[in-house]
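Residue numbers (our numbering): 1 to 99.
Misleading hints may appear alongside valid ones.
[What the hints assert, rightly or not] With beta-carbon atoms standing in for the labels, derived distance ranges: (1) L11 with Q45: 49 to 57 Å; (2) L48 with K76: 29 to 37 Å; (3) L48 with Y86: 18 to 26 Å; (4) E51 with K80: 24 to 32 Å; (5) S29 with A95: 53 to 61 Å; (6) E99 with E15: 43 to 51 Å; (7) L9 with Y32: 48 to 56 Å; (8) L21 with K49: 34 to 42 Å; (9) K17 with E99: 37 to 45 Å; (10) L19 with R41: 50 to 58 Å.
[To be verified] Calculated pairs, EDC-like style, for lysine to aspartate or glutamate (alpha carbon to alpha carbon, straight line, at most 16 Å): (11) K80 with E60; (12) K98 with E50; (13) K92 with E52; (14) K61 with E99; (15) K82 with E50; (16) K98 with E51; (17) K61 with E89; (18) K98 with E52; (19) K92 with D34; (20) K49 with E85; (21) K49 with E99; (22) K92 with E51; (23) K61 with E85; (24) K43 with E99; (25) K61 with D91; (26) K61 with E78.
Calculated from the structure, these hints are not laboratory results. C-beta: ideal position from N, C-alpha, C; glycine also.
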Amino acid sequence: MAGSKDLLLRLEALEAKALKLAHAHKELSISYKDLQSENLRLKNQIILKEEEVRNFHNQEKISKIVTSIAEDTYRKTELKLKINEYIKEIDKCIAFIKE
1 MAGSKDLLLR LEALEAKALK LAHAHKELSI SYKDLQSENL RLKNQIILKE EEVRNFHNQE
61 KISKIVTSIA EDTYRKTELK LKINEYIKEI DKCIAFIKE
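Please model the entire structure based on the sequences and the hints provided.
Structure, rendered in structure tokens:
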């Protein structure tokens with residue numbers, strides 16, 4: 001008889017552990033799905049930001065080229081240096097976004 005009670009208690013303990021595991025699994029599954037959704041949203045946001053940076057980069061280059069064409073040689077050199085600075089800065093931004 002004592003052996004039966006002991007087995008019954010062990011069975012009940014195992015059942016309780018199984019229920020806890022099932023509950024934990026359900027919570028983790030929900031959390032995992034939420035994280036997958038957030039990850040996808042953030043990836044899409046990165047794509048949009050990269051596109052914005054590319055557009056900004058192109059607009060800035062065009063603006064500077066037009067401006068430099070209209071000015072003297074000294075000014076052109078100065079603007080080219082400034083454009084290079086902008087390009088380097090934008091490249092840093094792109095690298096930061098990709099991280």
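Going through the hints against the structure:
At about 51 Å, the CB distance of L11 to Q45 agrees with the hint of 49 to 57 Å. At roughly 34 Å, the beta-carbon separation of L48 and K76 lies within the given 29 to 37 Å, and the hint holds. Separated by about 21 Å at the C-beta atoms, L48 and Y86 satisfy the suggested range of 18 to 26 Å. Under the hint 24 to 32 Å, the C-beta atoms of E51 and K80, about 26 Å apart, fit the expected range.
In this structure, S29 and A95 break the distance hint of 53 to 61 Å, their C-beta atoms being roughly 35 Å apart. A beta carbon spacing of about 47 Å between E99 and E15 agrees with the range 43 to 51 Å that was offered as a hint. Between L9 and Y32 the Cβ separation comes to about 34 Å, which falls outside the hinted range of 48 to 56 Å. Here the CB-CB span from L21 to K49 is close to 41 Å, well matched to the stated 34 to 42 Å.
Here the CB-CB span from K17 to E99 is close to 42 Å, well matched to the stated 37 to 45 Å. For the pair L19 and R41, the supplied restraint of 50 to 58 Å is violated, since their beta-carbon distance comes to about 34 Å. A distance of roughly 12 Å separates the Cα atoms of K80 and E60; the hinted pair therefore holds under the 16 Å criterion. Note on K98 and E50: the hinted pairing holds, with a Cα-Cα distance of about 8 Å set against a maximum of 16 Å.
Proximity of K92 to E52 is assessed by CA-CA distance (about 14 Å); at most 16 Å being required, the pair is judged to hold. Under the criterion of a C-alpha separation no larger than 16 Å, the hint pairing K61 with E99 is inconsistent with the structure, at around 25 Å. For the suggested pair K82 and E50, the alpha carbons sit about 22 Å apart, so the restraint of at most 16 Å is broken. The hinted pair formed by K98 and E51 meets the criterion: a straight-line CA distance of about 12 Å does not exceed 16 Å.
With a CA separation close to 13 Å, the supplied pair K61 and E89 stays within the 16 Å bound. With a C-alpha separation of about 13 Å, the suggested pairing of K98 with E52 holds against the 16 Å cut-off. Taken as a hint, the K92 and D34 pair is broken in the structure, with Cα atoms around 31 Å apart against an allowance of 16 Å. A hinted pair counts as satisfied when its Cα atoms are at most 16 Å apart, and K49 with E85 does not qualify at roughly 20 Å.
This hinted pair checks out: K49 and E99 have alpha carbons roughly 13 Å apart, not beyond 16 Å. As the CA atoms of K92 and E51 are separated by approximately 15 Å, the hinted pair is consistent with the 16 Å bound. Restraint check for K61 and E85: satisfied, since their Cα atoms lie roughly 11 Å apart, inside the 16 Å limit. With a CA separation close to 11 Å, the supplied pair K43 and E99 stays within the 16 Å bound.
For the given pair, K61 sits about 13 Å from D91 by alpha-carbon distance, which is consistent with the 16 Å threshold. With a C-alpha separation of about 14 Å, the suggested pairing of K61 with E78 holds against the 16 Å cut-off.
In summary, the structure is inconsistent with hints 5, 7, 10, 14, 15, 19, 20 from the numbered list given earlier, while agreeing with the others.
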